[in-house]
Structures are given as structure tokens and as C-alpha cells.
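Using the hints provided, position chain U relative to the given structure of chain B.
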Amino acid sequence: MTQFFQQLINGLSIGSVYAMMAVGYSLVYSIMNFSNFAHGGVIMLGAYFGFFSMTLIKLPFAAAFGLAAVGTAALAVLIERIAYKPLRDRKAPFLYFIISAMGASIFLENIVIATIGPTFRTYPQVFSRTPISIGGLSIGRLDLIMFGVSALCLVALVLFIERTKTGKAIRAASYNMKAAALMGVDTDRVVMTVFAIGGLLAGVAGVFFGMKYTVYPQIGNITLKSFVAAVFGGLGSLPGAVLGSVILGTLETFVAGYLSSQFRDLIAFVILIGVLVFRPTGIMGKPSEDKA
Amino acid sequence: MLTVTDLHVSYGGIRALKGVSLTVNQGEIVTIIGANGAGKSTLLNTISGFLKPIAGELRYRDKVLPRKPDRVVKAGICHVPEGRLVFANLSVEDNLLMGAYLRHDRDGMAADMEKVFTLFPRLKERLAQSAGTLSGGEQQMLAMGRALMTNGDLVLMDEPSLGLAPLLVQTVFDIIREIRALGKTILLVEQNAYKALDVADRAYILEQGHIVREGAAAAIKADPAVRAAYLGTDSKAGG
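Heads up: the sequence lines are chains B and U, in that order. According to our numbering, the first sequence holds residues 10 to 301 in order. According to our numbering, the second sequence holds residues 72 to 310 in order.
Here are a few chain U residues that sit away from chain B, every Cβ distance over 12 Å (derived from the structure):
| id | residue |
| --- | --- |
| 1 | 97 |
| 2 | 128 |
| 3 | 196 |
| 4 | 278 |
| 5 | 299 |
Here are some of the chain U residues that sit facing chain B, going by a computed Cβ distance under 8 Å:
| id | residue |
| --- | --- |
| 6 | 119 |
| 7 | 140 |
| 8 | 141 |
| 9 | 144 |
| 10 | 145 |
| 11 | 150 |
| 12 | 156 |
| 13 | 159 |
| 14 | 161 |
| 15 | 173 |
| 16 | 221 |
I should point out that these hints are in silico values taken from the structure, not numbers from a laboratory. In this text, a Cβ means the ideal position worked out from N, Cα and C, and glycines have one as well.
Bound-form chain B, shown alone (with noise of 0.2 Å):
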């Protein structure tokens, strides 16, 4: 019993991480309609950005944490500018914004190849090892911290939404981006202000990612369960997103615990395909006529 909650906190703590991450997802689809796969390469420079801020210019965790986030919120604005905008000026099909973005995210990853290089690189160590226990169950430092930010990252993204002016009209453009335009929306702003969220909370879990592995250049690629988790949720619907993520990321490791951790990742993508053939539209996903 002891080990079933340990393994439960262990799962909710990196399933929120995995949430993070996901609503990144979930809000550009919401607006833009198409996956946005460059998201995995803001994740992991968002893990270098923290790595570099901590080691190279010393900064304390806190500060470091701060600058990964803003660094991946102006980086996330920087691509749909350069890789997404002209095809939305263009009115382009969805596949083209796919191609893009997944251009994008292997422009990223062999810039940090080029010019970082491809060693894994281990964050200092902020929090002692020693876990905290509660009532017989020992949970570890690093876990609560993870699980605690992204919780309040995601109440704060959750406010946001639902309580200001800007989050009604992410919400209408969401529905209907002519829509929202004709309401006197500026919907190239809307566009940007969703990159930006997407880019502080890859900034944030991407420095949690670091800390919980190492930092590499295809961590992305391990993002892309959070994309899963989207999926599994329903692209484009937030509640989805983070519900979809705290199921997968508890799963994986009851997986990893009772089982071997060698199929972990085999449940993932058995879970999107699953879903794809029986669920298309997600837990909570809009019903939609192009998924891309």
C-alpha cells in the first residue's frame, strides 16, 4: 500500500510537469488548428536556458528559473513569427503550419548539436536528495517543488483564461478566429499572447525536466508525451490537457514501478493510438473536422 501512494505522488508530480507542457499544445491547436511540434525544442532549450543561467552567469535557482521562462516565452514568439506567421498571412493549409513547425524543431535541436554539442549535461544540485517523509510515505524534494509550481503555474494559466478580457478573447478566437477578429480582436496579438503562455510554462517544465534527467538536445523528443497526453485529453481543450497529463504521467510510472520501466513509454503511444481509433476527439477534446 505504502509503495501504490508513493508511486501515486511519484506519477501525479511528473504528470503535472507532462500538464505544463501539454497546454502548450493544447492552446496553440485551440487557436490555430494544427499541432505544434516546435514545442519540444522550446522545452529543451528551455532546460539549457536554466542550465546555463544556474552554471555559466550563476544565478540563483530562482532567478534562473525566471530567465528560462522569459527566454522560452520570447523564443516561442520569435518561431511564430519566423516559421508560422507568413503562412497565416498567406491563409495557407494546415499541413504547411506542420511542415513548419516540424522544420522548426529540427532547426532547434541541430543548433544545439552545432553549437552546444550532443553530451548530456547534469543540473547542480538545488535540492537535497534526502526525501521528505509524511506519514510512512518518503517523497522526494524535487517531486513536491515540481508538482507544487506546476500546480500554481496551472491555476494561475486557468485564471487567465476564464477571468480576464484577454482570456475571453483567447477563448472566442478559440471558437472562431474571424469571429473574434470582427469583434475588434486583434487576433495577430491573441496569436502571440498564446505563444508566450505556451513558451513560459515549456520555460518552466523545461527546467524541471533537466533537473528530474539531464539536459540533452533530443529531450524534446520526451515532450512529445506530453503531446500524447493532449491528445489523450482532447487538443485544444485545456481541462483536457492536464487532465490527460496527470492520468498518463501516473500510469507510467505505476507501469515502471510494478512492471519495468522498459514499457513505460510503450504505454504512452499504445494510449495515443487507442485513443485515435477509439476516441479521436479526446476525453474532452471539440469535435473537430481536421485534426493535423
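What follows is chain U alone, placed relative to chain B:
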């Protein structure tokens, strides 16, 4: 109020407007009639800033009209789009508030909200309901109410009667008159030429990207050639 001069627009690789000129004066209801694919929606979408003209000029209140949709709204032109495009995922109230997105005058917004409720009492009953659950007629009313909330002086309407039950069609045209009575100017695009000419002061006939006829709505409605081409031989058809 609105002057369009020698407008050329291409849409989807096809030259949809080939030198269209028209004017809309303050307080008028002007209608553009024409067959499917004549370029009516292209014209409205160009005025609203969604399509870029190849040539020609658009002026509104003696100023060149901006070429971005949100700036066009700011300039005072609102647009009730074809297919209504209400935000199905938002409540009726939030839809109306989206119309007031650029406004900060709380008193003016409250007053306009009251006007919308007077015009469409049904919307008031359904404020908290999500717009996706409304009937087609109610959605058309919401789309109109939402446009009025922008407080634009010129209202563009694209096929407001499309897909509505015959009884509701008459209601929509009655409402168009009432909207004019609120001091608005209306540019109406309609396939229901008979009803559109009934409500309008002046009319333009658009045919394959060209204006082929213009004049007082009553005169156009009485013209036998127009009747044959656009109104059907049976003038009571209305449909």
C-alpha cells in the same frame, strides 16, 4: 459615409471583384443583390479588412479605411457575418460583451445592452445560456446584437435571412428597419432580393464582379428585367 472606388479583389485565385464602386450615405439602407458567387461576400470581407484589394480605394468618413479587421471595427464599421459565427462556447452575455471588446465606456455599454434587449427580448431570457444551444433564429439575433454592441455606425450584414424559417425571415427584415431607426446605416447583402429591395432605400446589382445596375430600391424592384432575373416572375414569391 462609405465610398468604394474601383475596387479589384481576387479571392482563391479568382478575380472576384472587377472594379466595383459604390457609396453608402449616412442613415441609408443599401442592399447589394446578385446571384451566388457574384462577389457579394467578397465585397463585405474586403471592407472589413479580411481581404486585401489589388487595386481601388475604400474610404470611411473621409478617411482611408484601415486594412486590418480590428482597426476597421475601431473605425466604426461592424459586420454581421454570413453563418452568424456566434461564439458557441461562450454564454449569450459573454458574446454580447465580446462585441464591446474595444469599449471602455461602461455607461454606454450598459445603455447599448438595454437597446439590444429591447430589440431582442429573447436574448435577455437566455443570457446565461451557452450560445451554441440557441436556435438558428436566436443565433442570428445574437450575431446582430453582438455587432450593435461594438457601437459601430455602419452595420454590414451578410445574408442575415439565410437558413431561417419563413416566419423568422420577415422578423429579421423588420429588425433591420428597427436597427436603422437606432441611427445606424446599413449595407445589406442578400440572396432574398425581394425582401432586401423592400427594406432598402437604394440597391446595387452585382454580377460576376461588376456592378451592373444601381438605383432606388423601388425602381429596381419595379424593373421588369430585374424581376425576371432576380425576383422570379411571380413577385409574391419572396423567396
